[in-house]
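Q: Work the whole structure out from these sequences, hints included.
If you want the building blocks of each chain, they are given just below.
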Amino acid sequence: MKPLPMLRFALRGLWRELRSGDALVLFGALAVAVASMTAVGFFTSRVSAGVAREATEVLAADLRLESANPIPAAELAPARDDRLRRAEEISFPTALFHGDRSQLVAVNAVTAGYPLRGHVRVAGVPYGPATAIATIPGRGNVWLDSRTATVLGLRPGASVRVGAIRLRFTRVLAFRPDQSVGLVSLAPALLMNAADLPATGLVQPGSRVTYAALFAGPPAAVAAFRAHLRAHPDAAVRVREAADDSRELGSAIDRASRFLNLASLSAVLLAAVGVAMSARRWASRRIDGVALMKCLGATQRFVLEVALTELAAIGALALLAGTVAGAIAESGIAWLLRSLVERDLPAASAGPIAIAFATELAMLLGFALPPLLPLRRTAPLRVLRRDVAPPRLRHGVAPGLALAALFAILWLMVRDAALVVDLAAGIGVVGVVLGAAGFALVRLTRRFRGGVGVAWRYGLANVSRRGTASVLQVVAFGLGLMILLLLAVVRGDLMREWRASVGARAPNEFLINIRPQDAPALRRALAALGAPDAPMVPVIRARITAIDARPIASLRFASARGRAFATREQNLTWSADPMPDNRVIAGRWWGPADYGRHWVSISTEYRDALHLRLGDSISFDVAGEPLTVRVASIRRVRWDSFRPNFFLVFPPRLLDGAAGTLITSVYLGPRARPGLAALARRFPTVTVIDVEAILAQVRSIIDRASLAVQYVSLFTLAAGVVVLLAAVQATRDERRHESAILRTLGASRFTVLSGVAAEFAALGLLSGLLGAAGAAATGWWVAHHLFALRYAPDPKLWWIGILGGTALVGVSGTLAARRVVGTPPAQSLRAEA
Amino acid sequence: MHPGPNGARLALEASGLTKTVDSPSGPLTILADVDLRVRAGETVAIVGPSGAGKSTLLALLAGLDTPTRGRVAIAGTDLSSLDEDGRAALRRRQIGFVFQSFQLLPSLTALENVMLPLELAGDPDARAIATAALTEVGLGARLEHYPRQLSGGEQQRVAIARAFVTRPPLLFADEPTGNLDGATGRRIAQLLFERNRAAGSTLVLVTHDRELAARCDRIVALDAGRVAG
Ligand SMILES: Nc1ncnc2c1ncn2[C@@H]1O[C@H](COP(=O)(O)OP(=O)(O)O)[C@@H](O)[C@H]1O
Ligand SMILES: [Mg+2]
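Just so you know, the protein sequences line up as chains P and Z, in that order.
Residues in the first sequence are numbered consecutively from 1, following the numbering used here.
Residues in the second sequence are numbered consecutively from 834, following the numbering used here.
The hints are simulated quantities; they were obtained by calculation from the structure and are not laboratory data.
The structure presented is a predicted model; accordingly, all values stated were derived computationally and were not measured.
Keep in mind that a hint or two might mislead.
[As the list claims (entries may be wrong)] Listing some non-contacts, in silico: residues in chain P with all C-beta distances to chain Z over 10 Å: (1) Gly138; (2) Pro198; (3) Ala199; (4) Thr200; (5) Tyr211; (6) Ala227; (7) Gly289; (8) Ala313; (9) Ala325; (10) Ala379; (11) Ala417; (12) Asp518; (13) Ala542; (14) Ala546; (15) Gly596; (16) Arg790.
[Unchecked claim] To give an idea of the interface, some chain Z residues facing chain P are shown, with a C-beta separation under 10 Å as derived from the structure: (17) Glu917; (18) Leu937; (19) Leu953.
By construction, the Cβ of each residue, glycine as well, lies at the ideal position given by its N, Cα and C atoms.
A: If you want it as structure tokens, here you go:
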């Protein structure tokens, strides 16, 4: 047959096909998957762009060039791109004078526009409440941090001497986005206008000055500039990007996007179940028509082409509808989150549409096509003999391949092979376990049939009689409920657990540059402020010189992080025990007998960036002394705990000779924080870093991520409803027939409906039980393996699961089946003839 | 077409047709050694009690099923030389069907049901031809109705229109009045013979209605899978 008539033939029936429930459910399942993929894709692309932009706040810029000398203009030439904003920051240490007192400070002289990302926060009085400010200090003014103001006894309006000039102290500097950048930041900070700098006379040849050029702008312009810098490297100029410096944020972002992708995949997997069920039903409904068409002379190819064309058309419509729905849903979430996001989120990319299309294609080929293929082998004899076996609508290996494709797509999105493999294995295990448990539960219902009324007996009989179908439904609903429970209950528990671990009493003050001789007194002082047991952790700075006896300069590292580790000074420490939020994942931690050995314990980041393995040797230059150690263990570190943590930890006694300082971190409540002023006066060398602001950043990201995940769970819910409709649809004819027989035998409409309600309630109860168990187990696994959190399921998980499952499946199943049951018996029986 | 043994062209020729199926109590022969020759333009009734094997024979003659033994030739073409698609192509060109249970596609309108065989044959004027065919069976006003909106008699009219719309030289009808009441059945039978005469087709009619059989040129009686008498 010519293609055109075939096409016309196939498309003519499309609208009718869509109105018939079966194709509509198929369309719905596909559209839900596409909508969830595009909504999540659009949204994550915007949020992760926003989050990445937030991470750049750590640099106060998207890109930052630093050099010990003024940065050559030639180097910056391409940055004359109009789209890039720029600012300069010149930093150096100097002494600040007020009356007879002086204090060492790090001067940060900035030009208008600083910071390009993030906000400077200032307060009226030392340690007072801080607010964001959009300007830089005016000429002649200076902003000083709380500690300096306290040490010098300054009141706002006082005048201080900086080099050759006097500046007026106008505000207390509470937070600079880039305060954790660079060495000088360890000293108390001073912010001034760069226009006043020449008059100070402090910037002379040979002075310890860092010149920084800050850039920010649209991603394309930043990328172009970055590419230029890569192509023209300059050893004297260091290029810093957001990823280098935001370990804490990075770790949080990573988690947030894992949650989101997990949630979106769950909606897709559930929708795939819906696609498989409805496509099967759709195919089986076509069998009679196909038999007739073949009787009238249609070839196998024609039969197949018509089915494929209709499938493709349904797929195209679903892609369109799903993308529109996804875009609408995405703008909904962006609107919902407006209060949480300070600025507008960046625009979404179109990439998610391609990913959604690939996902849909995988679902169509893997789940919808297989039951349609055998249709072409329908025996035309069926027109004469209804009992001729219909073709077996097997799924074969295609769903496996499609699942593999879906996981490949997930991998594309998260780029974390281990996570994807874990997830695939997890879902496989969950599927098998749910299947087995569902089978056992369905078998069990047989025993409970005795003492109940006729409606229940009929309903329960149906559950056990439709054995395989019931198991399938219980597993599908169970999976859906499990995902919903995971998102609604377990996720909440995990979030709370996580927030508690980062949480309210996470350290909010870092104290650094503590001289060892001051440590005992400082500890007592902190205890008096309500922070006993402040851990005093030694810090020594060192540079890597060689790995496995190969000079570091001769080694090449793929990642920016690897290059940074290899070239920058590293903070290292020693410790008898691993830090509380570290987990040794390979090798062995040292015991007392090992103290003083030439060993080192590295973090996983170090292992990955420098391609290190247990037993490798690393050589250091520790303040001029060479030191070579072996990698004895590898630790996974929770950086977002905000406790002092190190990439490199040595055994005690090895570094005894090296001079170092101590650091600590403590939590101080709002009432204790003014006490920091006295502390700063008593221990002038100690610098206090307020991490409250960074914590607030991390918390806002967590809040944003959890809202987004909740939103995504709506798609999972929609997918669950699609599965339910597909299940009801699949048993429609059977139910119509049964209901006709029952009513012919004298059962009232109510009795028949009660039986249906009993059946779905039982299915819902079983699914709820299964879902709650699955959610508890998965929650425990996720908490334990992915996030290193403790998790004990809340009892409410069980009753929400069981009651929710019974109500959800019972009510919606009964509603969906109501029409079928309501058909007058005569009509049903005649249709069967 | 081939001349038959007695000089006339043969529309249909079956010899030694046997169908054996597996049953729980061993192989079961439901059709044994049936020979049948039908000349072009002839009308033949196949009669016999329920379960005699009439439908089985019809399915084998139309190439809807394959015999265990024996062969069928339609207009000189041996069905066993064709694969499934080949038999479908042959049906498309040569054969029309009327069934006891009408076999209209419920999702298509009356007109679309009649257009179906024309479209399968790639006829560009399918709509006009089908409209004319439905008008001829008295359903010109019901073109856009769906099967469920039509009575049994009307549905069978649609089926008859569909059977003749491609002007097939050979028509098979399996109990075409079996699902209809007496009066409607008689009107449908009347219509069937009328259309058949107008088309000049060969008709093989399965029925257990003696009165209907009597209107055919020849009667073949089937009993327990064998041609009787
Ligand atoms: N595939 C089959 N398997 C088992 N029995 C069959 C099969 N096909 C037909 N029969 C049996 O063969 C006999 C003839 O069937 P059929 O041709 O439908 O009879 P008729 O149309 O004359 O009523 C019946 O007893 C029927 O049950
Ligand atoms: Mg029969």
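Q: Now, for every hint given, state plainly whether the structure supports it.
A: Checked hints:
Every CB of chain Z lies more than 10 Å from the CB of glycine 138(P), the least distance being 79 Å, so the non-interface label holds. Annotated as non-interface, proline 198(P) keeps its C-beta farther than 10 Å from every C-beta of chain Z; the closest such distance is 86 Å. With a cut of 10 Å on Cβ distances, alanine 199(P) stays outside the contact zone with chain Z, its closest approach being about 88 Å. The Cβ of threonine 200(P) lies farther than 10 Å from every Cβ of chain Z, with a closest approach of about 87 Å, so its non-interface assignment holds.
The beta carbon of tyrosine 211(P) sits about 76 Å from the closest Cβ of chain Z, which is more than 10 Å, so the claim that it is off the interface holds. Separation of alanine 227(P) from chain Z is adequate, the least Cβ-Cβ distance of about 58 Å exceeding the 10 Å criterion. Glycine 289(P), annotated as away from the interface, has a beta carbon of chain Z within 10 Å; the closest lies near 5 Å. Annotated as non-interface, alanine 313(P) keeps its C-beta farther than 10 Å from every C-beta of chain Z; the closest such distance is 15 Å.
With 10 Å as the threshold on Cβ separation, the claim that alanine 325(P) sits away from chain Z holds: the shortest Cβ distance comes to roughly 27 Å. Not every CB of chain Z is more than 10 Å from the CB of alanine 379(P) (nearest about 8 Å), against its label as outside the interface. Every Cβ of chain Z is farther than 10 Å from the Cβ of alanine 417(P); the closest lies at roughly 46 Å, confirming the non-interface assignment. With a closest Cβ-Cβ approach of about 87 Å to chain Z, aspartate 518(P) is found to remain outside the 10 Å limit, as its non-interface label requires.
Non-interface call for alanine 542(P) relative to chain Z: holds, since the shortest CB-CB distance, roughly 78 Å, exceeds 10 Å. Every Cβ of chain Z is farther than 10 Å from the Cβ of alanine 546(P); the closest lies at roughly 74 Å, confirming the non-interface assignment. At roughly 84 Å from the closest C-beta of chain Z, the C-beta of glycine 596(P) stays outside 10 Å, upholding its exclusion from the interface. With a cut of 10 Å on Cβ distances, arginine 790(P) stays outside the contact zone with chain Z, its closest approach being about 57 Å.
This hint holds: glutamate 917(Z) has a C-beta 7 Å from the nearest C-beta of chain P, less than the 10 Å allowed. Residue-level restraint check for leucine 937(Z) holds (minimum Cβ-Cβ distance to chain P is 8 Å; threshold 10 Å). A distance limit of 10 Å between C-beta atoms decides the matter here; for leucine 953(Z) the minimum to chain P is near 5 Å, and the interface restraint holds.
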